[in-house]
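Colleague: Chain by chain, the residues run as shown.
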Amino acid sequence: MLEVQNLSMRFGGLLAVDGVSLDIQEREIVSIIGPNGAGKTTVFNCMSGFYKPSGGKILFEGKEVQGKPDYKISRLGMVRTFQHVRLFTQMSVVENLLVAQHRHLNTNMLAGLFGTPDYKRREQKALDRAAYWLERVGLLDLANRDAGNLAYGQQRRLEIARCMVTEPKLLMLDEPAAGLNPAETKELNQLIISLKEDYNVSVVLIEHDMSLVMDISDRINVINQGCPLASGTPEEIRQNDDVIKAYLGEA
Amino acid sequence: MAAKNYRHALFCAIVTLIISFPILGFNLEAKGINITLTGAKTSTIIAVVLAAVAVFVFQAYRDSFTGLLGKLPKLNPLADREPMEQTKKAKLESWILTGIVVLALFWPFVVSRGSVDLATLVLIYIMLALGLNVVVGLAGLLDLGYVAFYAVGAYTFALLSQYTGISFWMALPIGALLAALFGLMLGFPVLRLRGDYLAIVTLGFGEIIRILLNNWTTLTGGPNGIGGIPEPTLFGMEFGRRVKEEGNTSFHETFGIAYSGEHKVIFLYLIALVLAVITALIIRRFMRMPVGRAWEALREDEIAARSLGLSRTAVKLSAFTIGAFFAGFAGTVFASKQGFISPESFVFLESAIILAIVVLGGMGSQLGVILAAIAVTILPELAREFSEYRMLIFGAAMVLMMIWRPQGLLPMRRIHIKLNRQE
Chain A
1 MLEVQNLSMR FGGLLAVDGV SLDIQEREIV SIIGPNGAGK TTVFNCMSGF
51 YKPSGGKILF EGKEVQGKPD YKISRLGMVR TFQHVRLFTQ MSVVENLLVA
101 QHRHLNTNML AGLFGTPDYK RREQKALDRA AYWLERVGLL DLANRDAGNL
151 AYGQQRRLEI ARCMVTEPKL LMLDEPAAGL NPAETKELNQ LIISLKEDYN
201 VSVVLIEHDM SLVMDISDRI NVINQGCPLA SGTPEEIRQN DDVIKAYLGE
251 A
Chain B
1 MAAKNYRHAL FCAIVTLIIS FPILGFNLEA KGINITLTGA KTSTIIAVVL
51 AAVAVFVFQA YRDSFTGLLG KLPKLNPLAD REPMEQTKKA KLESWILTGI
101 VVLALFWPFV VSRGSVDLAT LVLIYIMLAL GLNVVVGLAG LLDLGYVAFY
151 AVGAYTFALL SQYTGISFWM ALPIGALLAA LFGLMLGFPV LRLRGDYLAI
201 VTLGFGEIIR ILLNNWTTLT GGPNGIGGIP EPTLFGMEFG RRVKEEGNTS
251 FHETFGIAYS GEHKVIFLYL IALVLAVITA LIIRRFMRMP VGRAWEALRE
301 DEIAARSLGL SRTAVKLSAF TIGAFFAGFA GTVFASKQGF ISPESFVFLE
351 SAIILAIVVL GGMGSQLGVI LAAIAVTILP ELAREFSEYR MLIFGAAMVL
401 MMIWRPQGLL PMRRIHIKLN RQE
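Heads up: the protein sequence lines correspond to chains A and B, in order.
Mind the numbering: the first sequence is residues 1 to 251 in this note's numbering, read in order.
Mind the numbering: the second sequence is residues 1 to 423 in this note's numbering, read in order.
Calculated from the structure, these hints are not laboratory results.
Any given hint could be a false lead.
[Stated by the list, open to error] As a list, the in silico DSS-like pairs of lysine-lysine whose alpha-carbon atoms are at most 27 Å apart:
no.: 1; chain 1: A; residue 1: Lys120; chain 2: B; residue 2: Lys89
no.: 2; chain 1: A; residue 1: Lys63; chain 2: A; residue 2: Lys196
no.: 3; chain 1: A; residue 1: Lys120; chain 2: B; residue 2: Lys91
no.: 4; chain 1: A; residue 1: Lys68; chain 2: A; residue 2: Lys52
no.: 5; chain 1: A; residue 1: Lys72; chain 2: A; residue 2: Lys125
no.: 6; chain 1: B; residue 1: Lys88; chain 2: A; residue 2: Lys120
no.: 7; chain 1: A; residue 1: Lys63; chain 2: A; residue 2: Lys52
no.: 8; chain 1: A; residue 1: Lys186; chain 2: A; residue 2: Lys196
no.: 9; chain 1: A; residue 1: Lys196; chain 2: A; residue 2: Lys72
No experiment lies behind these values; they were computed from the predicted model shown.
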């Protein structure tokens, strides 16, 4: 489904990402792990179109997408979350989900001004879909609150819901468990698995919480200082000497 | 702590002296062909010194003063009551808006001609402020050259009427659309800019338009301006004493009433009122439409908005275009009201005043912006005797607002879309 080939990203003299390759199949959860500053988020930024990679190819469903503008990549069905939650804080929870459905709505201004049947139908559909996802992540009771007033864990869940209403094929989560307590992490764990099982979404995950990564990943890629270090199933990664060295230091 | 307070107070008092003494303490007197500098009356100098002392005392004991002020609102019986519910507030706002419109409908029939004229100007400013509110308040793009689109609307009508004899009603959509086109054109180069940089570029654009109008003498008449702009007609009826254009009839003859100059003023006022109401309604509608949500989303967090498939280009351009469209509207009405326009009417100060209205009113809030437009336009007229100090009062009002109500008169209350749970 998604294939990253030999991706590299250079910022001036710094080669932040060097020759990283990824391969994500349909209905698969793939994790990217590595020490801080290894270039994981840079890989994400390249994949989601925020950066134009200096080299390499990104193929999404067989088509090259590297260097395309971010909003076009998102419309293809690759949607991401952010390391630091980025919600529209002064808008209500449900409005956050409506903004995400912009391209599913009738954005013709005249249609909106006169409230044509098609416009109303699509608005209603968007509201329904928003309600469905709020229910799914347990935020339905807070639908009309300002998004900025939610607790941190709720904001994280809202961000995932906001991605899901766009009906993505591939979800990119950047440290979704950061700042969550163990109970919340467990919920997140189940949510991600359910996204894969029930909604046929592939997930790429950047995460530091090893128990979460080992639990849900089908495969894991390890990056160290911008270079690919290892890749394989959780079991293989657990026993890989290079990975242990990079994480624990040499004995 | 106390020493620091006194030092600060002394500094403030000296600043007061430095500012006020040269302005108030000296007079320029013309003696023959020479101008001599004379000292002001002793009373003035005493007043200046007293003012400095007052500043010193206030600054030195500021904490205790503000403490006293803090207790004051308790005297207000309404201060402690529960805040109103959001939906109630929104309803109240619609009622107040409707009330203002109804009041405005009867206004011209009870007051003098001068007041109606002034009210028309207020309505023009309301249109401008509502339009700028889209760009600044909703989309969060600081535009300091908004007056350019106003000028485009006004000059479109003036030039078209001069060269092709077009009527007000034809010019209205053309002026607005042309202004919108200019908004689109300005939008393209500034897409990547934000904040300060955007403000500078838009400021430049506003000046370019004004200087162009000033110097393109062959087309625009330069600083001499364009006169003889026709007034609007009502279904081919003119409001002048004599019919100017062939085929038209005059209003007073058709209805068999005596000619009165007031008819024209009132008619223009009503047109402005209808246009202002239409502007307010359309923008209100936009705010709850996908495009309105996209503006706000882009203002709140551009990166998140883009990651969700919103095109920055399309959203920003739509805000600029729609804002400019309504400025074009206002410009056409302005040209028709004045009958004469020149680049003088479209200086940077106009942009600043419109922006001040939006900020004073509360960015994004329609009712606030309307009230602020009324206040900012009418107050200088009421305070004509203090006309020398007009800018001073204006500045002082701005400073006080920023201290006590930085969010504006009526901060924006978003029209939330409610999710009603269906069981």
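Colleague: With reference to the structure, classify each hint as holding or not holding.
Modeller: To see whether the hints hold, each was checked on the structure:
About 25 Å separates the Cα atoms of Lys120(A) and Lys89(B), which keeps this hinted pair within 27 Å; it holds. For the hint pairing Lys63(A) with Lys196(A), the CA-to-CA distance comes to about 23 Å; that is within 27 Å, so the pair holds. A C-alpha spacing of about 22 Å is found between Lys120(A) and Lys91(B), which places the hinted pair at or below 27 Å, so the restraint holds. With a C-alpha separation of about 8 Å, the suggested pair Lys68(A) and Lys52(A) falls inside the 27 Å cut-off, and the hint holds.
Our distance criterion of 27 Å between C-alpha atoms is met by Lys72(A) and Lys125(A), whose separation comes to about 23 Å. Distance check on the hinted pair: Lys88(B) and Lys120(A) sit about 25 Å apart at the alpha-carbon level, within 27 Å; holds. The straight-line distance between the Cα atoms of Lys63(A) and Lys52(A) is roughly 16 Å, inside the 27 Å bound, and the hint therefore holds. About 16 Å separates the Cα atoms of Lys186(A) and Lys196(A), which keeps this hinted pair within 27 Å; it holds.
Between Lys196(A) and Lys72(A) the CA atoms are separated by roughly 23 Å; this keeps the pair inside 27 Å, and the hint holds.
The earlier numbered hints are all upheld by this structure, with none contradicted.
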